[in-house]
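J.: Here's the letter readout for the chains.
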Amino acid sequence: MKIRPLGDRVVIKKIEAEETTKSGIVLPGTAKEKPQEAEVVAVGPGGIVDGKEVKIGVKVGERVLFSKYAGNEVKIDGTEYTILRQDDILGIIE
Amino acid sequence: MKIRPLGDRVVIKKIEAEETTKSGIVLPGTAKEKPQEAEVVAVGPGGIVDGKEVKIGVKVGERVLFSKYAGNEVKIDGTEYTILRQDDILGIIE
Amino acid sequence: MKIRPLGDRVVIKKIEAEETTKSGIVLPGTAKEKPQEAEVVAVGPGGIVDGKEVKIGVKVGERVLFSKYAGNEVKIDGTEYTILRQDDILGIIE
Amino acid sequence: MKIRPLGDRVVIKKIEAEETTKSGIVLPGTAKEKPQEAEVVAVGPGGIVDGKEVKIGVKVGERVLFSKYAGNEVKIDGTEYTILRQDDILGIIE
Amino acid sequence: MKIRPLGDRVVIKKIEAEETTKSGIVLPGTAKEKPQEAEVVAVGPGGIVDGKEVKIGVKVGERVLFSKYAGNEVKIDGTEYTILRQDDILGIIE
Amino acid sequence: MKIRPLGDRVVIKKIEAEETTKSGIVLPGTAKEKPQEAEVVAVGPGGIVDGKEVKIGVKVGERVLFSKYAGNEVKIDGTEYTILRQDDILGIIE
Amino acid sequence: MKIRPLGDRVVIKKIEAEETTKSGIVLPGTAKEKPQEAEVVAVGPGGIVDGKEVKIGVKVGERVLFSKYAGNEVKIDGTEYTILRQDDILGIIE
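Chains as they are written, first to last, in the working numbering: chain A, 1306 to 1399; chain B, 1306 to 1399; chain C, 1306 to 1399; chain D, 1306 to 1399; chain E, 1306 to 1399; chain F, 1306 to 1399; chain G, 1306 to 1399.
If you're looking for bench data, these hints aren't it; they were derived computationally from the structure. Among the clues, some could well be false.
Unchecked claim - The calculated PhoX-like cross-link candidates involving lysine-lysine, where the alpha carbons are at most 20 angstroms apart (straight line), are:
id	chain 1	residue 1	chain 2	residue 2
1	E	Lys1357	D	Lys1307
2	G	Lys1360	F	Lys1357
3	E	Lys1357	G	Lys1357
4	E	Lys1357	F	Lys1307
5	B	Lys1319	B	Lys1357
6	E	Lys1364	E	Lys1319
7	F	Lys1360	B	Lys1357
8	C	Lys1357	D	Lys1360
9	F	Lys1319	E	Lys1360
10	A	Lys1360	B	Lys1360
11	B	Lys1357	E	Lys1357
12	C	Lys1319	B	Lys1380
13	C	Lys1357	B	Lys1357
14	C	Lys1357	D	Lys1307
15	G	Lys1380	A	Lys1319
16	C	Lys1318	C	Lys1357
17	B	Lys1357	D	Lys1307
18	G	Lys1307	A	Lys1319
Said to hold, decoys possible - Okay, the calculated beta carbon distance ranges per label pair:
id	chain 1	residue 1	chain 2	residue 2	range
19	B	Ile1353	G	Lys1357	12 to 22 angstroms
20	E	Ile1320	F	Gly1352	33 to 43 angstroms
21	B	Met1306	C	Lys1380	42 to 52 angstroms
22	G	Glu1358	C	Glu1344	44 to 54 angstroms
23	A	Asp1355	C	Gly1351	17 to 27 angstroms
24	C	Gly1383	E	Ile1320	26 to 36 angstroms
25	A	Asp1355	E	Ile1320	23 to 33 angstroms
26	E	Gly1351	C	Lys1360	11 to 21 angstroms
Said to hold, decoys possible - Which chain A residues face chain G? A few, computed with CB under 8 angstroms, are given here:
id	residue
27	Ile1361
28	Lys1364
29	Gly1366
30	Asp1393
It should be emphasised that the depicted structure is a prediction, and the values quoted were computed from it without experimental measurement. Virtual Cβ for every residue (Gly too), placed ideally from N, Cα, C.
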């Protein structure tokens, strides 16, 4: 089973569990929103989204930082994914 | 009796009851908004909606994930449907 | 006496009383906003509304579903009507 | 003394006192915003208002329904008027 | 000393003190925002304001009605003025 | 050390201390936001800001009125400055 | 490991610890949001962001003032960074 996201949405899979993020990226304990690391597993086609042209700038397989509270979580065939808008992705990890 | 949605609205029918979603898609118990699985039963014509061009990207018969709290519920001839905007559909399940 | 709505506004007449909607369309008891059935009695001319082009997609005589809390109620010559924006109409019942 | 409204503003004079509206238009006792009947006494020139083109669709002398809580009230030479935006006018009474 | 307003701003001088407005324009004691009478003393150049074209429709010397709580008050050489956006001017008194 | 503001931002230096504004411009004790006097020390280049064309209408050395609570304060080499958007400048004092 | 920001996002590294900002830029103790000094370490490509053209006006290596509460903090290989939108950068320090 697979999800094909619409518009500017992206499906990602978190790389670390929420409590064990410290290996590569450490999220300091502040009041700010904490980003999380994930892998892109599917991207929407972009195009006109809410009347505005959106170009998809991430690719399947890339590792990204995203805002932890963004998007919707779903579990498919036992794996958890997050569906969010591309704009909730902060950057690509290289 | 049938509903013909206007503009960017889509009529969907939930596939699982709210408490028995675990067969295919499992919704983990977090504070995030939980998406639900549904089948598309009617789509609006798209066109200019709120002054912006909207293209309909889902088709009747497709299975979709949608935001559980989105849209309006109606029961027609004994069956419950949800009418929502296409933008509340997160992705197509393949 | 008649009301000629302006812009994207539509005048509708509810088909069922608020407590007896169960014959055709049943509104389940959830926390969601409940739509209601109504007949269109007058439509605005559309055109530029709030700086955006609006095309009127409903016709006088059609039966529609609308969001129960949308619009303004008026009683003219003993009959209650609701004046709302076309965007508050969810779909046309066929 | 006269008021010449700017942009999309319209000056209207209420036809009935707030407590005696029942002769023609009756406003049922709901939680919804109640519209009121009024006569148009002056209209703005329209044109570019807040960066958007506005066409004035009401004329001096027409009777209109407007949202009771919209606009600003002024008394000029002993008569009360309301100055509101054309968009707060729901329809023209014919 | 003089103020030259920017963009769509207008400098006005109130004609009556706040408690003695009853001579020409009387403001009834309702919950609505009460407009006030003033004389225009300076107008901005208009042009592109917040990305939208604004045409200035009031002239120095005209008497206007404005929303009492709009704008910023300043006292220059002993005289109080209000600087507001043209859109907070309801109409011109003739 | 100098600050070069971006986009539509302007760097200003307050002319009077917050408690001693009474010499030229007196700010009456009302609930309204009180503007303050300042000198422009640096201006951004304007151009496309948030997708809209912005033209800078103030020059270094001009005295301006600005909204007291607007912008961010910084101290550079012992002198306090405020960085704000041009739109928070009410007018130029001549 | 490196972060390549998307769209109008910029990666910066704070120059001073939060409590020791007094050497060059002093942030007075007011209720206003306090800007902070940082060095730009990576910039997004700009382009169409949220339907609007964005030009990136800062360069890697420049020192900037940014709004302290803006953006998301991440720690990469032991160093803390902030990812924010270019619009949260107040100015460039020269």
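J.: Determine for every hint whether it applies to the structure shown.
T.: We went through each hint and held it up to the structure:
no.	hint	in the structure
1	E:Lys1357 - D:Lys1307	violated (30 angstroms)
2	G:Lys1360 - F:Lys1357	holds (12 angstroms)
3	E:Lys1357 - G:Lys1357	holds (15 angstroms)
4	E:Lys1357 - F:Lys1307	violated (32 angstroms)
5	B:Lys1319 - B:Lys1357	violated (28 angstroms)
6	E:Lys1364 - E:Lys1319	holds (15 angstroms)
7	F:Lys1360 - B:Lys1357	violated (28 angstroms)
8	C:Lys1357 - D:Lys1360	holds (12 angstroms)
9	F:Lys1319 - E:Lys1360	violated (31 angstroms)
10	A:Lys1360 - B:Lys1360	holds (16 angstroms)
11	B:Lys1357 - E:Lys1357	holds (19 angstroms)
12	C:Lys1319 - B:Lys1380	holds (17 angstroms)
13	C:Lys1357 - B:Lys1357	holds (8 angstroms)
14	C:Lys1357 - D:Lys1307	violated (32 angstroms)
15	G:Lys1380 - A:Lys1319	holds (17 angstroms)
16	C:Lys1318 - C:Lys1357	violated (27 angstroms)
17	B:Lys1357 - D:Lys1307	violated (40 angstroms)
18	G:Lys1307 - A:Lys1319	holds (18 angstroms)
19	B:Ile1353 - G:Lys1357: 12 to 22 angstroms	holds (20 angstroms)
20	E:Ile1320 - F:Gly1352: 33 to 43 angstroms	holds (41 angstroms)
21	B:Met1306 - C:Lys1380: 42 to 52 angstroms	violated (29 angstroms)
22	G:Glu1358 - C:Glu1344: 44 to 54 angstroms	holds (47 angstroms)
23	A:Asp1355 - C:Gly1351: 17 to 27 angstroms	holds (22 angstroms)
24	C:Gly1383 - E:Ile1320: 26 to 36 angstroms	violated (48 angstroms)
25	A:Asp1355 - E:Ile1320: 23 to 33 angstroms	violated (46 angstroms)
26	E:Gly1351 - C:Lys1360: 11 to 21 angstroms	violated (33 angstroms)
27	Ile1361	violated (10 angstroms)
28	Lys1364	violated (12 angstroms)
29	Gly1366	violated (14 angstroms)
30	Asp1393	violated (10 angstroms)
In the structure shown, a violation is registered for the earlier hints numbered 1, 4, 5, 7, 9, 14, 16, 17, 21, 24, 25, 26, 27, 28, 29, 30, in ascending order.
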